[in-house]
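Next come the chains, spelled out residue by residue.
Number of protein chains: 2
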Amino acid sequence: MPHIALTGATGFIGRHVLAELTARGFDVVAATRGDGTALPQYENVRWVTLDIASAPEQAFERLGMPDTLIHLAWGGLPHYRARHHFETELPAHYSFLRQMVRAGVKSVLVSGTCLEYGLRSGALREDDPTAPVTPYGFAKDALRRQLEFLQRDSGFNLTWARLFFMHGEGQAATSLLPQLQQAVERGDPTFGMSRGDQLRDYLSVAEVARHLVTLALSGKNPGPVNVCSGVPRSVRGLVEQWLSDNDREIALDLGRYPYPDYEPMAFWGARNKLDSVLERQ
Amino acid sequence: MPHIALTGATGFIGRHVLAELTARGFDVVAATRGDGTALPQYENVRWVTLDIASAPEQAFERLGMPDTLIHLAWGGLPHYRARHHFETELPAHYSFLRQMVRAGVKSVLVSGTCLEYGLRSGALREDDPTAPVTPYGFAKDALRRQLEFLQRDSGFNLTWARLFFMHGEGQAATSLLPQLQQAVERGDPTFGMSRGDQLRDYLSVAEVARHLVTLALSGKNPGPVNVCSGVPRSVRGLVEQWLSDNDREIALDLGRYPYPDYEPMAFWGARNKLDSVLERQ
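Protein chains in written order, with the UniProt record's numbering: chain D, 1 to 281; chain B, 1 to 281.
One thing to keep in mind: the hints can contain errors.
A short list of chain B residues far from chain D (calculated; beta carbon distances all over 12 Å) [claimed, not checked]:
#: 1; residue: Gly11
#: 2; residue: Pro56
#: 3; residue: Arg62
#: 4; residue: Leu77
#: 5; residue: Tyr94
#: 6; residue: Thr113
#: 7; residue: Pro135
#: 8; residue: Leu150
#: 9; residue: Leu177
#: 10; residue: Gln198
#: 11; residue: Thr214
The calculated label-pair distances, taken between Cβ atoms and stated as ranges, are [claimed, not checked]:
#: 12; chain 1: B; residue 1: Gly219; chain 2: D; residue 2: Ser154; range: 43 to 49 Å
#: 13; chain 1: B; residue 1: Glu61; chain 2: D; residue 2: Arg236; range: 53 to 59 Å
#: 14; chain 1: B; residue 1: Gly192; chain 2: D; residue 2: Thr49; range: 34 to 40 Å
#: 15; chain 1: B; residue 1: Pro2; chain 2: D; residue 2: Pro129; range: 18 to 24 Å
#: 16; chain 1: D; residue 1: Ser154; chain 2: B; residue 2: Tyr257; range: 53 to 59 Å
#: 17; chain 1: B; residue 1: Asp127; chain 2: D; residue 2: Arg248; range: 45 to 51 Å
#: 18; chain 1: D; residue 1: Gln241; chain 2: B; residue 2: Leu278; range: 54 to 60 Å
#: 19; chain 1: B; residue 1: Gln171; chain 2: D; residue 2: Glu61; range: 45 to 51 Å
Hint data in this document are derived by calculation from the structure and do not stem from the laboratory.
Because the structure is a prediction, the values reported are computed rather than measured.
In this text, a Cβ means the ideal position worked out from N, Cα and C, and glycines have one as well.
With these hints in hand, go ahead and build the complete structure from the sequences.
In structure tokens:
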């Protein structure tokens, strides 16, 4: 049985990854920042408190000397444009991961982001050059490059999971679908949103969690992998689908909000590499 | 008269920049790491000791409260492939520059590098995407991006001077032309080098220093600027030119050394932007 440690285990994605790991029968050491978040309880999970920003000592031992690390922790979200991401998070996470692979971790999966690609449109491929325009996308891109340089000196497997858009249980209340649900439940006459024509790539967070666990345990070294559906969907279509699935109605006030300026109008992930790595299991 | 501070003032380029500034009649506060390097003496230069890697306090005051900073300091060269560049230099220089612009510096010129472009061939333009493959090129590229993000919150002028190849007085003894000169002076029968067909962009360091001073004092905010000749030259041609200029002869052992793997076979700088910024003075 692999020794698995998971950071960011109380986050939106982390909770689903933890559920997936325990459903597959693994023992897990799960790390949380210790900010008072309620901890899901499982028989096979041991919780530890670990604040990566404060340069924790003996992190490898405290995490149960794992051979596989799934590293989802990251602070400062969802403020993509704060310098905090490269001033604080980037050096802290690099130091932590360097410490972990030097201590003996063999395989690391780290959550990246589609924002690494910047303003590139269309189907994004892992070997496209990155050109992030937000401090968040820049910091993740820089962390990946630093880990790739580190690999030249310290051998370890790196899966860099570029996450696209997710929906599902535990999503931040400020996200689109939770906002829609609240508007419907309040009985609002209209739901204000952007024009909704932008094309994005969505997966349920449960499916993302399944892919992340499979990738982390693959024993491969694929580098960046888009964790995505590969299917472009309009934001308006997503909203209408949710209303239809939940048998609810509300008038959409399209165009009330502008499009964000840090994302292109239409982008989604190419899924070939994900499919290829998953097939090789 | 502008208040000018210069870091890296005892380096290969820094010495020429200091000479150029004093020749133009400016008062300068010149910083050195205090590693015992002999300090050139000028009437209008005040020397201060400042180790940027050790997070100096009151750096703005110690540098004479400059409005213009020419920042050439950088440690760990010429080891382009050492992680030191992003593990140590990058955070130290970012912190130093952030401290300086917050304290009141209005215009900053920082030395970048053609290695930011990575393995791109041909005439390199400042708006080409960067894709560095060395830790040194990566760290410089990352510092530039971090400063561009900082500009959104703190207004200051940034000239990011991408340096290509230089030759001239004070060059490291391990560089090509000093090696050639030593071989000739020792009376070696042959001079071992690469095949020499690679195309590069060369300027004399004195000309680079003139451009850097003009750029730094422009009061403009051009961002990245190639400081280059714009003319591709073969390395073999450069060597033969030196022999001809100095009326010396030696047999060239072409192909004794391989080409470096972190540079493309043929690259040089597009010079349009440099010319355009210089013309606007």
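Now the hints, each set against the structure:
1. Gly11: 25 Å, holds
2. Pro56: Holds, because the least Cβ-Cβ distance between Pro56(B) and chain D comes to about 18 Å, which exceeds 12 Å.
3. Arg62: 23 Å, holds
4. Leu77: At about 17 Å from chain D, Leu77(B) clears the 12 Å cut-off, so the statement holds.
5. Tyr94: The claim is violated: Tyr94(B) sits with its nearest Cβ about 8 Å from chain D, within 12 Å.
6. Thr113: Thr113(B) clear of chain D: closest Cβ-Cβ about 16 Å, beyond 12 Å.
7. Pro135: Nearest chain D Cβ is 5 Å from Pro135(B), so the label is violated.
8. Leu150: 7 Å, violated
9. Leu177: Consistent with the label, Leu177(B) stays out of reach of chain D, its closest Cβ about 30 Å off (over 12 Å).
10. Gln198: 23 Å, holds
11. Thr214: Given a closest Cβ separation of 30 Å, the condition holds.
12. Gly219(B) to Ser154(D): 43 to 49 Å: 46 Å, holds
13. Glu61(B) to Arg236(D): 53 to 59 Å: 57 Å, holds
14. Gly192(B) to Thr49(D): 34 to 40 Å: Taking Cβ atoms as reference, Gly192(B) and Thr49(D) lie about 59 Å apart, which means the hint is violated.
15. Pro2(B) to Pro129(D): 18 to 24 Å: Check failed, 38 Å falls outside 18 to 24 Å.
16. Ser154(D) to Tyr257(B): 53 to 59 Å: 29 Å, violated
17. Asp127(B) to Arg248(D): 45 to 51 Å: 48 Å, holds
18. Gln241(D) to Leu278(B): 54 to 60 Å: 57 Å, holds
19. Gln171(B) to Glu61(D): 45 to 51 Å: About 49 Å separates the Cβ atoms of Gln171(B) and Glu61(D), which means 45 to 51 Å holds.
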